[in-house]
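From first to last, the protein sequence lines stand for chains A and B. Position 133 (the first sequence) corresponds to 133 in our numbering; numbering is contiguous. Position 71 (the second sequence) corresponds to 211 in our numbering; numbering is contiguous.
Just so you know, these hints were derived from the structure itself, not from any lab. Certain hints may be false.
Partner residues are not named here, just some residues of chain B that face chain A (Cβ under 8 Å, in silico) [what the hints assert, rightly or not]:
| no. | residue |
| --- | --- |
| 1 | Leu175 |
| 2 | Leu307 |
| 3 | Met310 |
Examples of chain A residues toward chain B, derived with CB under 7 Å [as the list claims (entries may be wrong)]:
| no. | residue |
| --- | --- |
| 4 | Met33 |
| 5 | Trp37 |
| 6 | Val45 |
| 7 | Ser46 |
| 8 | Leu50 |
| 9 | Leu51 |
| 10 | Ala55 |
| 11 | Val59 |
| 12 | Tyr63 |
| 13 | Thr66 |
| 14 | Gln68 |
| 15 | Leu96 |
| 16 | Gly100 |
| 17 | Val102 |
| 18 | Ala114 |
Glycine included, C-beta positions come from ideal geometry on N, C-alpha and C.
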Amino acid sequence: MLPLPDWARPFRPDWVTLVAIYWAMATPRLFGMAFAWIVGLILDVSQGTLLGQHALGLVLITYIITLQYQRIRIAPLGQQALIVTALLILKQTIVLWANGLVNRLPEHPLIFYAPCLFGLFLWPWIFIILRDIRRRFSIT
Amino acid sequence: MESLFQRSAGYNLKLAFLCILSITLMTVDHRFNHLRFIRSLLSDAIYPIEYLVNVPSTVMDTVAENAKTQTMLRHQVERLQSENQAFKVQQQRMDMLIAENKRLRQLLGSAERLQHQVLIAELLSIDLDPFRQQVRVNKGTSSGVYIGQPVIDASGIMGQITEVSSLSSMALLISDPSHAIPVELVRNGLRSIAEGTGQSDQLSLLYLPQNADVRVGDRIISSGLGGIFPRGYPVAVIHEIQYPPAQPFAMVYARPTALLDRSREVLLIAVQKKLSAAETESPEKTRLAPKVDAVD
Numbered sequence: 001m002l003p004l005p006d007w008a009r010p011f012r013p014d015w016v017t018l019v020a021i022y023w024a025m026a027t028p029r030l031f032g033m034a035f036a037w038i039v040g041l042i043l044d045v046s047q048g049t050l051l052g053q054h055a056l057g058l059v060l061i062t063y064i065i066t067l068q069y070q071r072i073r074i075a076p077l078g079q080q081a082l083i084v085t086a087l088l089i090l091k092q093t094i095v096l097w098a099n100g101l102v103n104r105l106p107e108h109p110l111i112f113y114a115p116c117l118f119g120l121f122l123w124p125w126i127f128i129i130l131r132d133i134r135r136r137f138s139i140t
Numbered sequence: 141m142e143s144l145f146q147r148s149a150g151y152n153l154k155l156a157f158l159c160i161l162s163i164t165l166m167t168v169d170h171r172f173n174h175l176r177f178i179r180s181l182l183s184d185a186i187y188p189i190e191y192l193v194n195v196p197s198t199v200m201d202t203v204a205e206n207a208k209t210q211t212m213l214r215h216q217v218e219r220l221q222s223e224n225q226a227f228k229v230q231q232q233r234m235d236m237l238i239a240e241n242k243r244l245r246q247l248l249g250s251a252e253r254l255q256h257q258v259l260i261a262e263l264l265s266i267d268l269d270p271f272r273q274q275v276r277v278n279k280g281t282s283s284g285v286y287i288g289q290p291v292i293d294a295s296g297i298m299g300q301i302t303e304v305s306s307l308s309s310m311a312l313l314i315s316d317p318s319h320a321i322p323v324e325l326v327r328n329g330l331r332s333i334a335e336g337t338g339q340s341d342q343l344s345l346l347y348l349p350q351n352a353d354v355r356v357g358d359r360i361i362s363s364g365l366g367g368i369f370p371r372g373y374p375v376a377v378i379h380e381i382q383y384p385p386a387q388p389f390a391m392v393y394a395r396p397t398a399l400l401d402r403s404r405e406v407l408l409i410a411v412q413k414k415l416s417a418a419e420t421e422s423p424e425k426t427r428l429a430p431k432v433d434a435v436d
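Just need the whole structure built from these sequences, with the hints factored in.
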């Protein structure tokens, strides 16, 4: 939500999704699909997008993670980052589709995927920071 | 203790349910207005978060204000005084012109122009969907903001309010691709529609024939025909005209005079005339109606 200069705006990483992915992976019993849906809805309201598009994307991602979290969790950090990027791309595609259906397509759809790339580089940091937080407060 | 490899069929059901719910929400939100209430409720709920996000930049502003030196302040005061002087001189001429205008209107027997009340609001510096041109302002229904209310800054029209909650509201800028504003040229009164392009420094003027009398540098003001924007506020200045062969209309681009991406303070104009029909219909029209492309 932090304001950025104009040129950097399309490249803003998708913080909410990254953090949501971590919690869905680390604590699948706490952060389930219903929770993801509510987070997505709040994201929609705060960004002024169509109600439900981020929610749909987040629910799908969380679903995949809930099925596969045991595998993703033990993967090395680099591989994990790749998986996360794939999930981010999936979510961006859903948001893009929803935008396309209501004629709000951005001019350069490719720039739309830029945040996913940033997610690739940010994931290790997010993972480490959030893991430390989780251990400090021993949330399982 | 749950088993490690438990895989319940409940997940699939839940996924299907939530997906259908999301898609229904999207459809309803797109087609109808029933969700406006829920949306405004939710945005009231997250207002504290938005306020918190806004705090760092407010604090920075305050610190910067406090850190100004005496000389800087003195310069500022001098500048403001000279500006004020200039404005006073202009005001004297304006008073005379207003009186004259009133008299002429009485002679013509036409209705008096309405006075507009303004409400000053501040932008909440929150980053929204980067692919839509919109801003959030810190005034809502509790200050009398209504949907369709025009938003201007010191130098021109910025946009209109599209969503209100009790403490904040969302304004769609004139540069959003789904926004169009009826305008006219100052020089010859030629009417057109200025549509957003998705870039904050460009509008495109629709339906101007190839032989229309348009020049680079022409100023555009709102024509007031749509019933939302009052007449006569500056909108943009034409900066590029192209004449594509084999097309009936010229491609005219204009740069908004309002500082769409820089203004921190905006003015909300309350149009006193009650536009009951326009108030409920028109903002939706500009927001939702698929834009009409130039015939090609």
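If you take the shortest Cβ to Cβ gap from Leu50 of chain A to chain B, is it below 7 Å? Since the shortest Cβ distance to chain B is 5 Å, the answer is holds.
A closest beta-carbon separation below 7 Å is what the hint needs, so does Leu51 of chain A meet it against chain B? Constraint on Leu51 of chain A satisfied, holds at 4 Å.
Hint Ala55 of chain A vs chain B: min CB-CB distance below 7 Å? holds (5 Å)
Satisfaction of the Val59 of chain A interface hint, Cβ to chain B closer than 7 Å: This hint holds: Val59 of chain A lies near chain B, its Cβ roughly 5 Å from the closest one there, short of 7 Å.
Interface hint check: Thr66 of chain A, Cβ to nearest Cβ on chain B, cutoff 7 Å. Holds or violated? holds (6 Å)
Just to be careful: measuring from the Cβ of Tyr63 of chain A to every Cβ in chain B, is the smallest value less than 7 Å? holds (5 Å)
Please verify that hint: Gln68 of chain A, Cβ, nearest Cβ of chain B, below 7 Å or not. Result: violated, 11 Å to nearest chain B Cβ.
Hint check: is the beta carbon of Trp37 of chain A less than 7 Å from a beta carbon of chain B? Interface hint status for Trp37 of chain A: holds (5 Å vs cutoff 7 Å).
Status of the hint placing Met310 of chain B at chain A (closest C-beta pair under 8 Å): Holds, because the Cβ-Cβ distance from Met310 of chain B to chain A comes to roughly 5 Å (cut-off 8 Å).
Hint status (Cβ of Val102 of chain A to nearest Cβ of chain B, threshold 7 Å): holds (5 Å)
Using 7 Å as the Cβ threshold, decide whether Val45 of chain A counts as touching chain B. Status holds, d = 4 Å.
Agreement of hint Leu175 of chain B with chain A interface, Cβ distance less than 8 Å: This hint holds: Leu175 of chain B lies near chain A, its Cβ roughly 6 Å from the closest one there, short of 8 Å.
In the structure shown, a violation is registered for the earlier hints numbered 2, 14, 15, 16 and 18, in ascending order.
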